[in-house]
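For this note's numbering, count along the sequence shown from 1 and bump the result up by 13.
Treat the hints with caution; some may be incorrect.
Only pairs whose alpha carbons sit at most 35 Å apart, straight line, appear in this in silico DSBU-like list of lysine-lysine [stated by the list, open to error]:
id : residue 1 : residue 2
1  : K95       : K487
2  : K367      : K463
3  : K173      : K420
4  : K420      : K170
5  : K95       : K367
6  : K173      : K185
7  : K234      : K177
8  : K344      : K480
9  : K173      : K437
10 : K166      : K107
11 : K437      : K344
12 : K177      : K381
13 : K166      : K481
14 : K367      : K151
15 : K173      : K151
16 : K420      : K166
17 : K151      : K130
18 : K367      : K130
19 : K166      : K95
20 : K130      : K173
21 : K480      : K107
22 : K151      : K170
23 : K463      : K130
24 : K234      : K185
25 : K437      : K463
26 : K177      : K151
Hints in this document: simulated from the structure, not taken from any laboratory.
Owing to the predicted nature of the structure, the values given are computational and were not obtained by experimental measurement.
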Amino acid sequence: MGEARPNILWIIPDDMSAHFSCYGETSIQTPHVDRLATQGVRFARAYVTAPVCSTCRSALITGMYQTSIGAHHHRSGRGAQKIRLPEHVRLVPKYFQDAGYHTSISGWPSGSGRFGKTDYNFEWDSHVYDGTDWSERKSGQPFFAQIHTQGGKLRGKDRKGWEKISRSAAQKFGRETPVSAVRLPPYYPDHPEILRDWAAYLDSVRMTDNMVGEVLDRLEKEGLRENTLVIFMTDHGISHARGKQFLYDEGIHVPLIISGPGIAPGNVREDLVEHIDIAAVSMAAAGMTIPAHMHSRNILASHYRERQAVFSARDRCDETVDHMRSVRTRKYKYIRHFLPNRPYLQPCAYKDAKSILIALREWHSAGKLTATQSLIFADTRPAEELFLLSSDPHEIRNLAGDPQYAKPLGQMRQQLNDWMRQTKDQGLQPESAELYASDMAVYTRNLQRKANSEHLNRIRDNIALMKKWASEGK
14 MGEARPNILW IIPDDMSAHF SCYGETSIQT PHVDRLATQG VRFARAYVTA
64 PVCSTCRSAL ITGMYQTSIG AHHHRSGRGA QKIRLPEHVR LVPKYFQDAG
114 YHTSISGWPS GSGRFGKTDY NFEWDSHVYD GTDWSERKSG QPFFAQIHTQ
164 GGKLRGKDRK GWEKISRSAA QKFGRETPVS AVRLPPYYPD HPEILRDWAA
214 YLDSVRMTDN MVGEVLDRLE KEGLRENTLV IFMTDHGISH ARGKQFLYDE
264 GIHVPLIISG PGIAPGNVRE DLVEHIDIAA VSMAAAGMTI PAHMHSRNIL
314 ASHYRERQAV FSARDRCDET VDHMRSVRTR KYKYIRHFLP NRPYLQPCAY
364 KDAKSILIAL REWHSAGKLT ATQSLIFADT RPAEELFLLS SDPHEIRNLA
414 GDPQYAKPLG QMRQQLNDWM RQTKDQGLQP ESAELYASDM AVYTRNLQRK
464 ANSEHLNRIR DNIALMKKWA SEGK
């Protein structure tokens, strides 16, 4: 019986949007991800429920919205104040383990003996994972394995990281991606540093694609490919000014490809899906009953009813306090800013240390940005944003104040209100000062151990500013 059940494999790189050939990227070639797409189904409209690592992964591993389980603040619950899941919520690998599967989580190459990236915002039992590689399973035992890789993080934050990934790409493929191949979205300027960073990012996509090829080759070599459901997706979009941590499509749109037993090859799905749906897909493939409390849906089921909208949320990220929600349909994107009196680019030590943010600020100060490129430097934000995606895929022209779009604005406003109420969005209640202080204490201690005084001073300044703004009602 065990041998008949399919293996399940998740491959999840960090910080990477859908910049693969099969998704229309022309600057580079990604033959292995493309091969996976031809062998299965590619989802054109897959979105994460959170545009930052830990909150996204907390949702992924439970099949639930992070806002419903108290895991919506990035890297939270790591100090004296802990976050605990509701009693009825279990981690996906625990369901597999109880069903007789071997569970593992690793980086690549796997087998190092160390877990791969977990990054969950709550207390959890590490015993839900049996090991770090499917080779450790018993004879005939099916496996549920996860491979989490650096993805877009391979490019680092500055020239040192760019040069490292470019050398690796040149060694592996014969040449690095030239800056001349880069085509930036219209909201980024052709600044030399931004172009160089994007070229390095594309090299990180190429290296990730090569890793996918190695994994698929291993499955073939071990005779496992035909009975393994392979799910490839990223944890959120590219780490850039309007990407990671924001609810524009650059931050929440991700690739999603599913290939394996029972899936017809070469299909493309255009309906809206959420990243948490892979929990239900995986459990259903293994013959398990999907718990009624899960928000995850089996998007491969014959009786599946397509989502009419997908929802995303961004709350505190490290020291930076924010509160945004979005609803996206095929036609519109609606974003609500609950803290509109704050700038888009609030102080955030993690992002502000990146060369691309430094370059953007320099050109903004010098008056070298276009009106579109300057949007993100506004001192305050509109309370609502509405974008007509068919004519404005880059989400530049806010229609929330246009009387012509009052009806869709009202409809999407209500959709979001309904979703927050129905899913019991815990972000509607401010984070406790005790939890914030507890997390910041751990954050600053970690930096002190790294002797990163410049970063540490920036963090302390940012924390003080967040407290000041809160006291002023911002």
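Tested hints:
1. Among the hinted pairs, K95 with K487 is consistent with the structure: their alpha-carbon atoms are about 27 Å apart, no more than 35 Å.
2. Distance hint between K367 and K463 is fulfilled; the C-alpha atoms sit about 18 Å from each other, no more than 35 Å.
3. Restraint check for K173 and K420: the C-alpha separation of about 50 Å exceeds 35 Å, so the hint is violated.
4. A threshold of 35 Å between alpha carbons decides the hint, and for K420 with K170 the separation of about 43 Å lies outside it, so the pair is violated.
5. Pair hint K95 plus K367 holds up; C-alpha atoms about 30 Å apart against a cutoff of 35 Å.
6. For the hint linking K173 to K185, the alpha-carbon distance of about 19 Å falls within 35 Å, and the restraint holds.
7. Only pairs whose Cα atoms come within 35 Å are accepted, and K234 paired with K177 is accepted, the gap being roughly 31 Å.
8. At most 35 Å may separate the alpha-carbon atoms for a hinted pair to count; K344 and K480 exceed this at roughly 38 Å.
9. Annotation: proposed proximity of K173 to K437 is violated, straight-line Cα distance about 44 Å (limit 35 Å).
10. Distance check on the hinted pair: K166 and K107 sit about 29 Å apart at the alpha-carbon level, within 35 Å; holds.
11. Only pairs whose Cα atoms come within 35 Å are accepted, and K437 paired with K344 is accepted, the gap being roughly 26 Å.
12. At roughly 30 Å between alpha-carbon atoms, K177 and K381 fall within 35 Å of each other, so this suggested pair holds.
13. For the hint linking K166 to K481, the alpha-carbon distance of about 32 Å falls within 35 Å, and the restraint holds.
14. With a C-alpha separation of about 45 Å, the suggested pair K367 and K151 falls outside the 35 Å cut-off, and the hint is violated.
15. Straight-line distance between C-alpha atoms of K173 and K151 comes to about 44 Å, which puts the hinted pair past the 35 Å bound.
16. Restraint check: the Cα-Cα separation between K420 and K166 comes to about 41 Å, which exceeds 35 Å; the hinted pair is violated.
17. For the hint linking K151 to K130, the alpha-carbon distance of about 24 Å falls within 35 Å, and the restraint holds.
18. A C-alpha spacing of about 22 Å is found between K367 and K130, which places the hinted pair at or below 35 Å, so the restraint holds.
19. For the hint pairing K166 with K95, the CA-to-CA distance comes to about 28 Å; that is within 35 Å, so the pair holds.
20. Distance hint between K130 and K173 is fulfilled; the C-alpha atoms sit about 24 Å from each other, no more than 35 Å.
21. With a C-alpha separation of about 39 Å, the suggested pair K480 and K107 falls outside the 35 Å cut-off, and the hint is violated.
22. Proposed proximity of K151 and K170 is contradicted: the alpha carbons are some 42 Å apart, above 35 Å.
23. Proposed proximity of K463 and K130 is supported: the alpha carbons are some 20 Å apart, at most 35 Å.
24. Note on K234 and K185: the hinted pairing holds, with a Cα-Cα distance of about 22 Å set against a maximum of 35 Å.
25. The suggested pairing of K437 with K463 is violated, with an alpha-carbon distance near 39 Å, which exceeds 35 Å.
26. With a CA separation close to 39 Å, the supplied pair K177 and K151 exceeds the 35 Å bound.
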